[in-house]
Every structure is written in structure tokens, then in C-alpha cells.
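Participant: One-letter residues, chain by chain:
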Amino acid sequence: GQQVMQIPQYQHVQEGEDFTTYCNSSTTLSNIQWYKQRPGGHPVFLIQLVKSGEVKKQKRLTFQFGEAKKNSSLHITATQTTDVGTYFCAGPSRGSTLGRLYFGRGTQLTVWP
Amino acid sequence: NAGVTQTPKFQVLKTGQSMTLQCAQDMNHEYMSWYRQDPGMGLRLIHYSVGAGITDQGEVPNGYNVSRSTTEDFPLRLLSAAPSQTSVYFCASSYSFTALQETQYFGPGTRLLVL
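Protein chains in written order, with my numbering: chain A, 1 to 113; chain B, 1 to 115.
Hints should not be assumed to be uniformly reliable.
[What the hints assert, rightly or not] Within a straight-line C-alpha distance of at most 20 Å, the following computed EDC-like cross-link-like pairs (lysine to aspartate or glutamate) qualify:
(1) B:K9 / B:D26
(2) A:K56 / B:E102
(3) A:K51 / B:E102
(4) A:K51 / A:E67
(5) B:K9 / B:E72
(6) A:K70 / A:E17
(7) A:K36 / A:E67
(8) A:K36 / B:D38
(9) A:K57 / A:E17
(10) A:K36 / B:E72
(11) A:K70 / A:D83
(12) A:K36 / A:E15
If you are wondering where the hints come from, they were derived from the structure by calculation, not from laboratory data.
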């Protein structure tokens, strides 16, 4: 089954508001990746987190990996209409060293102008 | 580089028909995979390959076959299409067979409708 659970499934915000999506795993993850999918498009890689407690920033986006490496978050400050899309986290399968990368169900972000 | 390409972009099938979804990459990537995306279900792994001649099942493999005869191509075959296979299919690839820490490059997707 899926390795990571992602919440919320949907988020509607007014432009300028902040947005956060969360990924949680029952087991320790070696790493976690984040992807963005624009409406009608394909997933595009955003970032990868590997170290415990790691925080990475990309302009208005802040990515965190929990100290126990069981959770991660993506925070967008002052959302813009260009942030619209679905954000996915992805983590490795349980007990496997090869091949299986599982995606969360995603958080669909809508930004109202 | 064209990256990851998929054909066709759209396809309508009748129940019981067979077809092959094509996926190709020109980045010399070892790892290739197929996902299906359904509303509210995210991306679910169907099959993957860690190199030519090596394939394995993902979490939803039933009804799908794959083979990997070359590094570049990874076709997905539906032997007898069912309405439950209506979905958007994405092919992805990454440089190394250790996909767990590699950026996945996705193709543009194939939208399949099975009537």
C-alpha cells in the first residue's frame, strides 16, 4: 500500500494567503520528494529532502523534513494564481531498496484572485 | 533532448479491446515506470523497470503487461481493456535504478477512456 499519507486533499485560498500541505508516514523515510502538477499537465519535480530536520526554500516555497523523518510539509507564503495545481509528496516503498516510489494522493490548491 | 514522450495522447477503447501505450526517453535513463492517475487517488504505480530486460510490479499491476527490450522504450500493454482502466497514464524515468533518490521525469500522459 501507499507509504505516505497526504492532507488536506483540497485547499482553497484567497490570493495572498498562505498554504500548507502535509505528508505523514508510519515508518521512517530515507528521503521524500515533492512534485507539482498544473491542471491538465504532468507532475514536475520540485525538491528532495534527505536529512532529518532539513529545511529548504525555493522563493515563496518552504519544504521541511521532520526530525524523525516520518513527516514533511510544503508551505507557500502569499499564494499567487500561478501556484494553482496539485502538490504531491513521494517516498520510497516499505522495505525495498529498488524501484518502488509511491506518491501521496496530493493536495489540490485553488487560488482565488 | 525530447525527454519522455508518450503516445497516443488520447485513446478511446471498447471493453475487451487491446492496445499498447508507448513510452520512450532519450536521456539514457535506467529506470522507467508507469503510473495511473484517477481523481482523488493520486499517482499509483503500475509497473517499473530498473533496466533493459528487468521489470517488476507496482501496487496496481493487474490487467497490464510490460516489457523492456531497450533502454529507451517501456511500453504498457492492456490485453483486454475494462472500464475500470479508464484513467490518465503517466510514464516516468530517472537516471539511476535506485529511483528512491532520483528526480522522476514524467511524460505528458495518455488519457484513456474505455467504454
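Participant: Could you grab the alpha-carbon distance between K9 of chain B and D26 of chain B and see if it respects the 20 Å cut-off?
Facilitator: At roughly 19 Å apart (the allowed maximum being 20 Å), D26 of chain B and K9 of chain B satisfy the hint.
Participant: Taking 20 Å as the top limit, are the C-alpha atoms of K9 of chain B and E72 of chain B close enough?
Facilitator: holds, 19 Å
Participant: Straight-line Cα separation of K36 of chain A and D38 of chain B no greater than 20 Å?
Facilitator: Holds - the C-alpha atoms of D38 of chain B and K36 of chain A are around 16 Å apart, at most 20 Å.
Participant: Are the Cα positions of K51 of chain A and E67 of chain A separated by 20 Å at most?
Facilitator: holds, 8 Å
Participant: Regarding the pair K36 of chain A and E15 of chain A, is the alpha-carbon distance no greater than 20 Å?
Facilitator: Holds - the C-alpha atoms of E15 of chain A and K36 of chain A are around 18 Å apart, at most 20 Å.
Participant: Is the hinted pair K70 of chain A and D83 of chain A satisfied, with a Cα-Cα distance of at most 20 Å?
Facilitator: Given that 20 Å is the threshold and the Cα spacing comes to 26 Å, the pair is violated.
Participant: Is K70 of chain A within 20 Å of E17 of chain A, Cα to Cα?
Facilitator: violated, 27 Å
Participant: Hint check: K57 of chain A vs E17 of chain A, CA-CA at most 20 Å. Holds or violated?
Facilitator: holds, 18 Å
Participant: Between K36 of chain A and E67 of chain A, does the CA-CA distance stay at or below 20 Å?
Facilitator: violated, 24 Å
Participant: Against the 20 Å threshold, does the CA-CA distance of K51 of chain A and E102 of chain B hold or violate the hint?
Facilitator: Cα-Cα ~15 Å, so holds.
Participant: Taken at face value, is the distance from the CA of E102 of chain B to the CA of K56 of chain A at most 20 Å?
Facilitator: holds, 17 Å
Participant: When you check the alpha-carbon spacing of K36 of chain A and E72 of chain B, does it fall within 20 Å?
Facilitator: violated, 25 Å
Violation of the numbered hints given earlier is confined to hints 6, 7, 10 and 11; the remaining hints are satisfied by the structure.
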